[in-house]
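Asker: Input sequences plus hints: build the corresponding full structure.
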Amino acid sequence: MKRVSSLPRPDWRATAERLGFHFHTFDGEPYWDESAYYQFSLRQIEDDLEEPTRQLHELCMDLVARVVDSEQLLDRLAIPEGYRDLIRHSWRQGHPHLYGRMDLCYDGHGPAKLLETNYDTPTSLYEASFFQYVWLEEQMRRGQLPVRADQFNSIEDKLLQAFVELGFQSPFHFASVRDSLEDRGTVEYLSDIARQAGLATQLIDIEAIGLDRAGRFVDEQDQPISTLFKLYPWENLFSEAFGPAIAHSRTLFVEPPWKAILSNKGALALLWELHEGHPNLLPAFIDPDPQGRPGRGWVRKPFFSREGANVEIHTPTGERISEQGPYDQGPFVLQQFQPLPSFAGSHTVLGSWMIGDQPAGIGIREDNSLITKDTSRFLPHIILD
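Per my numbering, the sequence shown runs over residues 516 to 900.
Misleading hints may appear alongside valid ones.
Calculated pairs, DMTMM-like style, for lysine to aspartate or glutamate (alpha carbon to alpha carbon, straight line, at most 20 Å) [stated by the list, open to error]:
| id | residue 1 | residue 2 |
| --- | --- | --- |
| 1 | Lys888 | Asp843 |
| 2 | Lys517 | Asp562 |
| 3 | Lys888 | Glu822 |
Rather than coming from a laboratory, the hints here were simulated on the basis of the structure.
Answerer: In structure tokens, the structure reads:
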């Protein structure tokens, strides 16, 4: 694994705009960054990333099966009592799931370490699946990359297969928060793949979804929503006024309610309890008092934090790094500090994608800080032996 400086395509911004990638720049700074790329060997991809991702996913599915049958574990994950039957039902009925992302720490030498599971509303899908593949093809065509270069990226093919095989009903509604360009871009991309699979689709702002007198969720034309992909966290839905209507709405939600277990960082502690010493896991504990935990440094994360908000790092040398955010009330998980690899002065996190139950590709984020945030840069990758 190495970071290779690269000449950006002169028209990459125009290409991004033409292809619907409207969130390529944040606050004047590039979010998409092709001034460099990461190069892997096939062995690194297959042995150190793809297979561990498959195994970790199996551990996650086993964890869900355990949690839904245990009030004690549901308590420890701070799952609201009023939604536990909803979660159990969605799991036991086998409600389908499309995707998830595991964030891994990896420097080219195994084993990769699991930092987080983002299984409910993971973003960076469009750039990992589509736009970095466009970059690969164009750079090979322009002679900037060897023609034998490849990429660990079957995300779109597996998504299309999932939409074909899972038997979703039409129309399939795709919802995101009204003012988020990134979220809108993600649901537009998923909606386009669903249309390729033969489904009728409709985009809607999550704020525009209504509830009729029969207790069904409806769109802006008062048509019942039979299937809904919502890029909106389950823990937020559980606190909304219409949350109690979910169970009897007859809407199939994608991602399903059982994903609330795996989008919860408390799951990291439960995974460690069940599989202590697993080579791809880090020691993690549900603990409200990070000062009382000795060791080689720790990272304190709120259960429901996103994009690095309210994450606090205590390094082995005593350095403290933190991000502000709205999750300061916790609850918290405490995870052993694992320093992110540094390439050219930037800290790197690998997002390993699951589509259904299959590993499907990676996306790479960089930041000048040890905490990966919503503004962290996305860089493409290649496989080259």
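Asker: Give a verdict on every hint.
Answerer: Against the structure, the hints come out as follows:
1. Lys888 / Asp843: holds (16 Å)
2. Lys517 / Asp562: holds (17 Å)
3. Lys888 / Glu822: Measuring from Cα to Cα gives roughly 5 Å; hence the hint holds.
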